[in-house]
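Undergrad: If you want the building blocks of each chain, they are given just below.
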Amino acid sequence: MEAVEFTTPKTIDEAVQAMASKGDRARALAGGTDLLVQLRGGRRSADLVVDLKDVPELNEISYNASSGLTIGAATPCYRLYADANVAANYPGLVDSASLIGSIQIQGRASLGGNLCNSAPSADAIPPMIALGSVANVVGPNGSRQIPVEDFCTGPGRNVLEPGEILVSINVPAPPANSGASYLRFIPRNEMDIAVAGVGSAVVLDGSGQNFVSARISLASVAPTPVFCKAAGDSLAGKAVSDEAIEEAARLAMEDAKPITDMRGTIRQRIHLVGVLTRRTLNIAIQRARGEE
Amino acid sequence: MPGLVHVSTTINGNPTDFLCEPRQSLLEVLRDVLGMTGTKEGCNDGNCGACTVMFDGRIVTSCLVLGVEAQGKEITTIEGVASPEGLHPVQQAFLENAALQCGICTPGFIVATKALLDREPDADEGRIRHWLAGNLCRCTGYDKIVRAVLDAEEKMKA
Ligand SMILES: Cc1cc2nc3c(=O)[nH]c(=O)nc-3n(C[C@H](O)[C@H](O)[C@H](O)COP(=O)(O)OP(=O)(O)OC[C@H]3O[C@@H](n4cnc5c(N)ncnc54)[C@H](O)[C@@H]3O)c2cc1C
Ligand code: FES
Ligand code: FES
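If you read the protein sequences in the order shown, they are chains A and B.
Residues in the first sequence are numbered consecutively from 0, following numbering that gives the first Met the number 0.
Residues in the second sequence are numbered consecutively from 0, following numbering that gives the first Met the number 0.
Since the hints were derived computationally from the structure, they do not count as laboratory data.
Just so you know, not all the hints are guaranteed correct.
Partial chain B-side listing against chain A, Cβ under 7 Å, derived [as the list claims (entries may be wrong)]: (1) Pro21; (2) Arg22; (3) Asp44; (4) Gly45; (5) Ile58; (6) Thr60; (7) Val67; (8) Trp130; (9) Gly133.
Virtual Cβ for every residue (Gly too), placed ideally from N, Cα, C.
Sequences and hints are given; from them, build the entire structure.
TA: In structure tokens:
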């Protein structure tokens, strides 16, 4: 790795100042599981590494039954699945936090880093989108809120301007009778990059037999994570049935614009989107009904 | 050219101070600055687990931690696993079950295994295989390693 300077700000203001002082030559550090690999491999370079883990707002998880869950951007994955509120209310997030990398990687890797790294294959982004999450960003010109589906702009690219940091991600409180799920396809059981991934979230009515609303999002099938608005909206107001789920899966497949690479072909990936959309919707429905 | 940074940390229970460049990984610091070569380098990119150490109570790959991030932390390496009285039961079980050949992966497996058994003394085979999925071994085929971990569970209960 090239020589860099290193700083550990203790407040959001100090962090933004440090980031702004070097413009695009400053890189934020959360768990480092993407950044250190990229700096070492020469895929990114920086003059200043700004470690955000000592900033309290970036390193806490808080839950409130009305405002929902606030995940500090640098909080490692294991703290999500170790948190009783998250485990009880956000199984869709737990699905992805517990499949990112290995136990070692989950000890460091954050959801904020997953989002800011903006890989098309990022496993934590589809469930965040499905759950209607919002990114809280602060920079030299103040703060702004960005829906997670609008955050990524290309492979490794996003809306953050030089000097801006992601402070936290807000996930709305789960409505009554709601459930979510994330699944990815990889050729082995652990430690691989998604060939395709799907996150689904549903809200059912009190009977558990009808969809009130649904949101579906895809990984690894486009230059950015994909929000499949039409597929989710197609379920709203319909009775829960195989036909309704099949139609949503068909619409999600239409939104997939994958490439063929060493991990999979266009045809296989589109097929997988259909399979995983059906499966995640069914798991989300079970969870919404309290059956799982 | 950024200078050397002074870092104060605790390694295997001993307060330790060192100087390092911010670009250096904790793995480099352990091996090249502190001469603690028990922790191994395999891939240097987080995939193989040979460099696994305990970092504030969690296992991490030390190749993906900067040395400067060790400031104020508690680190346990493979050198901290045995006691003056003898090998740790996990180490003894790896020996008795021939769970190593070249041995490069072994320190990482042992640190990761100890972390698992300290918190889940009854982990079943499925849990063991899942926990150790971030540790690669190109020699043993894993089966002897899993047998050794199950044996270590028995030894630790005895
Ligand atoms: C062995 C291995 C296996 C992996 N497996 C998976 C996997 O299965 N699924 C998956 O999705 N990913 C995987 N990854 C990739 C990586 O672990 C994840 O993307 C992780 O969530 C990144 O989080 P981090 O905290 O380590 O980010 P970092 O590496 O610290 O940061 C990532 C990027 O985001 C920027 N950044 C971080 N935080 C902020 C912030 N608050 N504000 C602004 N910018 C910020 C950094 O500058 C950097 O560019 C794997 C990586 C490794 C090494
Ligand atoms: S050397 Fe660190 S994981 Fe391979
Ligand atoms: S014993 Fe050689 S890599 Fe595991």
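Undergrad: Determine for every hint whether it applies to the structure shown.
TA: For each hint, the structure was consulted:
The interface hint given for B/Pro21 holds, since its Cβ lies 4 Å from the closest Cβ of chain A, which is under the 7 Å cut-off. Evaluation of the B/Arg22 hint against chain A yields a held restraint, the C-beta minimum of about 4 Å falling below 7 Å. Taken as an interface hint, B/Asp44 checks out: its beta carbon lies about 5 Å from the nearest beta carbon of chain A, inside 7 Å. Among the interface hints, the one on B/Gly45 holds; its C-beta lies about 6 Å from the nearest C-beta in chain A, closer than the 7 Å criterion.
At a threshold of 7 Å, the smallest CB-CB gap from B/Ile58 to chain A is about 5 Å, leaving the interface hint in force. For B/Thr60, the shortest C-beta to C-beta distance to chain A is roughly 5 Å, which falls under 7 Å, so the interface hint holds. Hint status for B/Val67 relative to chain A: holds, with the closest Cβ pair at about 5 Å, below 7 Å. Interface restraint check: B/Trp130 against chain A, minimum CB-CB distance 6 Å, threshold 7 Å, status holds.
Of the supplied interface hints, the one on B/Gly133 holds, with its beta-carbon coming within about 2 Å of a beta-carbon of chain A, less than 7 Å.
Comparing the model with each earlier hint shows no violations; every hint is respected.
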